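*Asks:* Listed below are the residues making up each chain.
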Amino acid sequence: MLLLECPCCGQRGEETEFHCGGEAHITREGPGADDAAFENYMFERVNPKGVHLERWRHVHGCGKWFHAARDSATLEVFGTYAAATHRPPEELLETIRAKRPGFKWRELA
Amino acid sequence: MSDLSGPAPVLALGGAAFDGYVRVAEEPLRAMFTLRGDLSAKALKNAATGLAAVDMPGQGQVALNGEHCIAWMSPDELLVMTPWDEHAKALGQLDATLTDPALNYTDVSQARALFSLSGPDGLVREVAAKLAPVDLSPAAFPAGSFRRSRIGQVSAAIWMPAPGRIEVVCFRSVADYVFTLLRDAARPGSEVGLFG
Amino acid sequence: MSSRLAQGGRLIDRGAMREFTFNGKRLKGYEGDTLASALLANDQVMMGRSFKYHRPRGVVASGSEEPNALMGIGTGGRFEPNQRATMQELFDGLQAESQNHWPSLEFDVGAINAKMSRFFPAGFYYKTFLWPRSFWEKVYEPIVRQAAGLGKAPKDKDADSYEHLYAFADVLVVGGGVAGLTAALEAGRAGARVLLLEQTAHWGGRAPVDGGKIAGEEAETHVANLVAELEAMPNVTLRLRCMGAGVYDHGYVLGYERLTDHLSDKSGPRHRLWRIRASQIVVAGGAIERPLSFAGNDVPGVMLASAVRDYAVNYGVAPGDRVVVVTNNDDAYRTALAMKAEGLEVPVILDARAAGGGALAEQARAAGIRVEAGKAVAKVLGAKRVTGVEVCAQNGSGSTIETVACDVVAMSGGWSPIVHLWSHCGGKLIWDETHAMFRPDPDKAPTGADGKGFVLCAGSSNGALLLSEVIVDAGRAGLAAAEAAGFEAPVAQSWQVDEVSEIPLAAVWLMPAGASYDKRAKTWLDYQNDVKVSDIQLAAQEGYESVEHAKRYTTLGMATDQGKLSNINGLAILSASLGEAIPQVGTTTFRPPYTPVSMGALAGQGRGETFQPLRRTPIHDWHESHGVQWEPVGHWRRPFCFPKAGESTHDAVNREVLTVREKVGLLDASTLGKLIVKGPDAGKFLDLLYTNMMSNLKPGRCRYGLMCNENGFLIDDGVVARIDENTFLCHTTTGGADTIHAHMEEWLQTEWWDLQVHVANVTEQYGQIAVVGPMARQLLEVLGTPNISKEELPFMAWADRVVGGIPCRIYRISFSGELSYEISVPAGQARALWEALYEAGHGFGVAPYGTEALHILRAEKGFIMIGDETDGTVIPQDLNLDWAISKKKDDFIGKRGQQRQHLALNPDRWKLVGLEVADGAVLEDGAYILDAGDNDKGQRNMQGRITSTYYSPTLKKGIAMALLKGGLSRAGETVEVTRLGTTPVAAKVVEPVFYDKDGEKQNV
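Just so you know, the sequences run in chain order Y, D and B. Quick note: the first sequence uses the UniProt record's numbering, first residue 1, plus one each step. Quick note: the second sequence uses the UniProt record's numbering, first residue 1, plus one each step. Quick note: the third sequence uses the UniProt record's numbering, first residue 1, plus one each step.
Hints listed in this document are in silico derivations from the structure and should not be mistaken for laboratory results. Any given hint could turn out to be false.
What the hints assert, rightly or not - Derived DSSO-like pairs (lysine-lysine); straight-line CA-CA distance at most 30 angstroms:
| # | chain 1 | residue 1 | chain 2 | residue 2 |
| --- | --- | --- | --- | --- |
| 1 | B | K888 | B | K965 |
| 2 | B | K895 | B | K956 |
| 3 | Y | K99 | Y | K49 |
| 4 | B | K1001 | B | K988 |
| 5 | B | K663 | B | K790 |
| 6 | B | K444 | Y | K49 |
| 7 | Y | K99 | B | K428 |
| 8 | B | K25 | B | K384 |
| 9 | B | K428 | B | K152 |
| 10 | Y | K49 | B | K452 |
| 11 | B | K895 | B | K937 |
| 12 | Y | K99 | B | K452 |
| 13 | Y | K104 | B | K452 |
| 14 | B | K155 | B | K25 |
| 15 | Y | K104 | B | K428 |
| 16 | B | K428 | Y | K49 |
| 17 | B | K698 | B | K888 |
| 18 | Y | K104 | B | K444 |
| 19 | B | K684 | D | K45 |
| 20 | B | K157 | B | K25 |
| 21 | B | K444 | B | K152 |
| 22 | B | K444 | Y | K99 |
| 23 | D | K42 | B | K684 |
| 24 | B | K684 | B | K888 |
| 25 | B | K340 | B | K213 |
| 26 | D | K89 | D | K45 |
| 27 | B | K698 | B | K889 |
| 28 | B | K895 | B | K698 |
Here the structure is a predicted model, which means the values were calculated and not measured.
Same shape as in the complex, but just chain Y:
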C-alpha cells in the first residue's frame, strides 16, 4: 500500500486516503474532433512498466486532485505535483532522468 504526499495540503498519507484517477495529461477532445482523435482521448492509454504519470485525488483529505510520477514496477514515487498543469515540472523531470536514464513516457523523455 503506497504512501503519497499530497502537494496541495502537504499531508503524507497512505493509499486508502487517496483515489487513483488513471493516466495523467490527457488532452480533452470535444465537439469538432475527428473520430480518431476522440477515440484516442477516450480509450488509448499507456501501461508502462517503469516511469508512469498518474492523476490522484486526496479523497479523504483535502479533496484535491494532483499528479504523481512513479515507477509502476518498483513503486518508487519520484514526486507529486499540481493538477492544473499539462506537463510535469522540469525539476521533477530532472529527478526522473537522473534515476531512470533514458526514460520515455509518451512524448516526455
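For this one, chain Y is given, so just place chains D and B on it according to the hints.
*Replies:* Relative to chain Y, chains D and B alone:
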C-alpha cells in the same frame, strides 16, 4: 431560510456519550461554515478571523480559541466554527464581508456530527489511532494539530484542541457509525499503552 | 515415555497448576507451559494425524514452524481449528482436540490411505479424477471433501471482538531475541522511535537455551538487562505476543497481536492488527532448524534437536527417556549435552560428517556420550512412537549396521535463516555454500517510496548463527536502520561474548546419501501435506522442473505452515534430481502472512454493526418507530414502505400510491444529493455539465437536467434551482450525491481550472420532505405556510417560506405528477417538520410513503429512473429525452460522444417505450423482448428488455417501461416478452406515460 428560528435543532444522536477508558461524547451543536476562495484574499481572511477571533492558521493547521476556530481544509477552503449561539450573527457577518462572488461561504453546521474524546492524553490518542491512519504521537500530532483523514470507512477531520482532548467531525448521516466505532475503540479492556 | 522432569523449566511456574482437556481428557500443566509442552509432560507425544495418509504425528518443533501439532482450540463461538500447540499458551479451562482423524486419534479409519500410499503419488488428484468427467460431481468430490481439509471449520458466529491500530515507527524491529533486542537498543539509543515486536510471550529467543555469556552474564540475565534498558527508553515500545505478519509496499507492516488467546478471561478484543508504517524495518526473526530426510522421520518422537532441548530447558519436560541425536552440524550436540545434564540417556550421537564434530563433540565425549562420525539413520523403528533406530553409514545405500533402542530421535539438518519478511516485498536471497542456506542479499533489499532499501536483516535472519556474530550483526543493523531513518548513529556498543566454537556443517539432503526407493518413499519432506522425497523426485521426472511447478504438483509447502521446515529440503532434492545447483533452482515465493492470522483480526472493527457505514436521514428514527420496511440504497437506509398492522407489503405500497394520488403523502427525500455550485462562472460550468442549458435559468426557478459522461451515456439527473445570479443548487440522485460532487470537482480541478466556481455538498445539511398529492397545499396552509398558491409559488419555482414556524426552502417540483412541495429544512429540524406535517395532515388522511410507491408513481408518469432505465450504456436520446439536450451549446460533457455514428445515428438502438398486457398482468422485471430468429450461437434473438414494471394501483393494471429496438415508432405493435419458466407473453407497445399525459395535475 438562512436565519434560523423555530425549534432548537436536534443532534444526530441526541448527545450520546460513552464512558470507556476515555470518554466519547457527541458535542453540542456548533456553528460551522465552509469558506471557499483565495485564502490570501483580504475579505476572506477578514470573514474568518472576524468570526473566530483567532489568527489565520497555516497549511494543515487549526487556530483555536475555545469553541472558536479556523481550520485549514485545503488550499482554497477554511472551516470556521463558533459557538452555536453566534450562528445568526455569523451569517450576517459573512453576508456582509463576502461580497466578492469569487469568495463564498456555506453553512454546514447541521451537515455534521461532532464528537470529543477526552481523558488521559496518551489514551485519547490511541483510541483515535485505532480508527484513523494517522500518526497521533505527541511529536507528530501536538495540541493544535488538524488532520483530514478517515475514521473506519468514512471521511472525518480530527484535531487536538488541547492535550487530553481530540475532536472529530464527520457527516451527520454516519454519526451512529462513527460513534459506535469510537465507543468500541474506547471499551475498557482494550487499552494499548502505545503512547506511554 | 515423555514426562515432566523433577526440576527445571525456566518458563513455567510449578506453583501455578493449570487444568485443561485434550480430546475430552482432563490433564494438568503449569502456568508458562505451551499446550505442546503440557501434552508432552502428560506422555501425549502423538498429537495429530497427517492430512493425506492420516499417519500418526507427534510434535516436531517448539515454535511457530510446527507442522504437526495442530489443534482445534475452544468451543462454540470460540472454536478455531489448526492452532499450533507449540504457540498456544496453557490456561485454566483450555479445551483442545486433535485433527484429521476418525473415529479417534489412536484408531483412525483413514489411515488405510497410508497402506495405499503407493497409489497416491504426486499429482494423484490430477491424474486420477480426470476421468470419467461425470464422476466428479457425484462420486469424487464428495469423497475428497469428506477426507480433505485440515481441521474443521467453526460453525458458530465468532464470539470475540477484534480491532486495528495504526502505528508509526522510525525503526520497526521484528523479533525479540538477542538480535532484535540488540538492534532495538542501538536504534533506540540513536534516538529513533522504535517499535519491537515478539511473537512469543518471552524475550530472548533461543539464547537462554543455547547458552553462551555476554558481558560476563548468562544470556538470560543479559536479555533481562536489555529489556530493562529498552523499557526505560521513552522512544521505544515493546510488544510481546505480537507477530510481524507481513511486510508490504512503502514500509507497511502488519503486526498480529494475540491478546486473550492465552487467558481464561476472554473479555476484551481477542486480536489486534497493528497496521504499521515504518521508515526502516529490522527483521530479527532468527532461524529455523531443518529436519533430516531419513526413512520414518515422521514417526512421533522424531523431533528437531533444538526443540528437544527447548522442552527440557524451558518447560522441564523430557520428550523421552532415551534420545538418539542425529546431525550434520555441531549445534545439535547441545541437545545431547542438555539431555545428559537432565539425567536422560543419550545412547549415541550420529554425526553424518565423516570427520565428525568440533569442540562440542569433544564436550559430548567428555560427558561420556558415544559419538559416531559418518553415520546416519537408516530407518526409524516404531509406528505411533519411536522405539529405536537402525544405524547405517551416511555414504551408502543404508545397510543396517546396528539397531539402537530409543524413544526420541533429535535431528538437525542445519539452520535456515527466517527470511520471509525480507522477501515479502521483494528482497532477494543468495546461497551461502558454507552454511548450506539462503540468506538475504544485502545489495538487493526491498525498496520503498524513495527507491531506497527499507528492510534490514539482523542476526540469524541474516545468516549469523553464532552468538558472537549475532550480536555484532544486530548492533550494525540497528544502527544502520536508525541512520537510514535519519538519525545520527553513534558507534555500536561492543559486547564480550564467551561461547563454544563450531566447525562448519556438511550439507546432508538425503540420509543415507544412496537411500533406496523404499526408504525415499518413507522419507517425509512436508509433514503437513504428506510430501515425501520420492514425490519430489517423481515430479522432477515428470517434467515439473520449475520449483513453483513442483510445489503445486506435489503440494510441497502449501499447507498452513507454508513449508517452513520442508521448502529448503524439498528444493535440494529437486535440484539434485535435476542435476542443478540449489541457487539455480531457487526458492518459491514467500508470501505474507508469516503464520496464519485470524479473519477476525483482518476484519477488525469491520464486522457486526460497523461492518460498513449505515447512513441515516434525520428522520430515520421516526421511520423506525412507525413500522418501516427498510430498503438499502447504497449505504443509506430508505423507507421501502410503511405497512400497517396486518397489511402485506404489496397492499401497503398500493395504499401509499393511492394516498398520494387521492390525498397527500409524505416522502423522506433527504438522501437526494444537494450540491451548491457557486461563483461568477457557475452558469458556464453547469452548461458544460448538463446536456441542457442552465445559464439562462432565472433566479427563483427550477429546471430538470441531465448529466452524461464523456461517452455520452446518461449518468445522473435532477432538478437544478437557481438561487441567485452566482448560485445554483443541483439536486442529484441519492447515489449521485457523492459521485456527482466528485465528478464536478474533477472537471473543475483537472480540466477547467480557470473557471471561478466552487462546489459544496450540502446533502447532509438539509433534510428534504416531499409533501405530495392534491391536498398538499391545504396541508401546508394548515401549518400557516404563507404564499404558496399557484401564482405565488408556481410549478418549477422555489421560495423560502416558514412552515409550522420553521424556516424552509420549498421547491415546486414533482416526481409523481401530483401537486408537490419539496421542503428543504436544516437537518436538525427535519424531524420536527416531519412530525408537524404528519400531525397537521391527519384530517387529510396523510400517510408516509416509501421508495416503492415513489417508483410506481414515477413509472405511471413515465419518468425515468437512473439505474432502471439507464445502465451506463444508455444515451438520453434512447429515453426520448432529446428535448433536454441543448442544440445551442458548442460543448457539454458527452456531446462529442453522442455524435458517434453508432449512438446518435443508429436507428436500431433500443429506445424507451411503454408496454401493456391485454389482461393487465404485470411483466417480469428484466425480461427480454423476443425478436425473430436465432443468433449464430443458436440463441433466440432479442430486441429489447423491460426496465421498470409495476402493478399500478391507480390504473388497476400492470404497466411497464422497456427499451425496444426502434422505440415509439413501433407504437401499437404487439411484441413477445419472456417469462421465467413459461411461455412468452404478448404485450402492446404504448407511450410510456400512463397517467395524466398532459401533466395537468402537477401544475396546479
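*Asks:* Hint by hint, say whether it matches the structure.
*Replies:* Okay, the hints, checked on the actual structure:
For the hint pairing K888/B with K965/B, the CA-to-CA distance comes to about 29 angstroms; that is within 30 angstroms, so the pair holds. Simply put, K895/B and K956/B have alpha-carbon atoms about 41 angstroms apart, too far for the 30 angstroms limit, and the pair is violated. This hinted pair checks out: K99/Y and K49/Y have alpha carbons roughly 15 angstroms apart, not beyond 30 angstroms. Proximity of K1001/B to K988/B is assessed by CA-CA distance (about 26 angstroms); at most 30 angstroms being required, the pair is judged to hold.
The straight-line distance between the Cα atoms of K663/B and K790/B is roughly 18 angstroms, inside the 30 angstroms bound, and the hint therefore holds. Restraint check for K444/B and K49/Y: satisfied, since their Cα atoms lie roughly 19 angstroms apart, inside the 30 angstroms limit. Restraint check for K99/Y and K428/B: the C-alpha separation of about 21 angstroms stays at or below 30 angstroms, so the hint holds. Simply put, K25/B and K384/B have alpha-carbon atoms about 19 angstroms apart, close enough for the 30 angstroms limit, and the pair holds.
A hinted pair counts as satisfied when its Cα atoms are at most 30 angstroms apart, and K428/B with K152/B does not qualify at roughly 37 angstroms. Distance restraint check for K49/Y and K452/B: the Cα-Cα separation of roughly 19 angstroms lies within the 30 angstroms cut-off, and the hinted pair is therefore satisfied. The straight-line distance between the Cα atoms of K895/B and K937/B is roughly 36 angstroms, outside the 30 angstroms bound, and the hint therefore fails. Proposed proximity of K99/Y and K452/B is supported: the alpha carbons are some 12 angstroms apart, at most 30 angstroms.
Taken as a hint, the K104/Y and K452/B pair is honoured in the structure, with Cα atoms around 22 angstroms apart against an allowance of 30 angstroms. Using a Cα cut-off of 30 angstroms, the hinted pair K155/B and K25/B holds, with the two alpha carbons roughly 23 angstroms apart. Annotation: proposed proximity of K104/Y to K428/B holds, straight-line Cα distance about 28 angstroms (limit 30 angstroms). For the suggested pair K428/B and K49/Y, the alpha carbons sit about 20 angstroms apart, so the restraint of at most 30 angstroms is met.
Taking the CA atoms of K698/B and K888/B, the gap is about 18 angstroms. The hint holds against a cut of 30 angstroms. Taken as a hint, the K104/Y and K444/B pair is honoured in the structure, with Cα atoms around 25 angstroms apart against an allowance of 30 angstroms. Pair hint K684/B plus K45/D holds up; C-alpha atoms about 27 angstroms apart against a cutoff of 30 angstroms. A hinted pair counts as satisfied when its Cα atoms are at most 30 angstroms apart, and K157/B with K25/B qualifies at roughly 26 angstroms.
Between K444/B and K152/B the alpha-carbon distance is near 41 angstroms, which puts this suggested pair outside the 30 angstroms criterion. This hinted pair checks out: K444/B and K99/Y have alpha carbons roughly 17 angstroms apart, not beyond 30 angstroms. Our distance criterion of 30 angstroms between C-alpha atoms is met by K42/D and K684/B, whose separation comes to about 26 angstroms. Distance restraint check for K684/B and K888/B: the Cα-Cα separation of roughly 13 angstroms lies within the 30 angstroms cut-off, and the hinted pair is therefore satisfied.
Annotation: proposed proximity of K340/B to K213/B holds, straight-line Cα distance about 21 angstroms (limit 30 angstroms). With a C-alpha separation of about 17 angstroms, the suggested pair K89/D and K45/D falls inside the 30 angstroms cut-off, and the hint holds. For the hint linking K698/B to K889/B, the alpha-carbon distance of about 18 angstroms falls within 30 angstroms, and the restraint holds. Restraint check: the Cα-Cα separation between K895/B and K698/B comes to about 24 angstroms, which is no more than 30 angstroms; the hinted pair holds.
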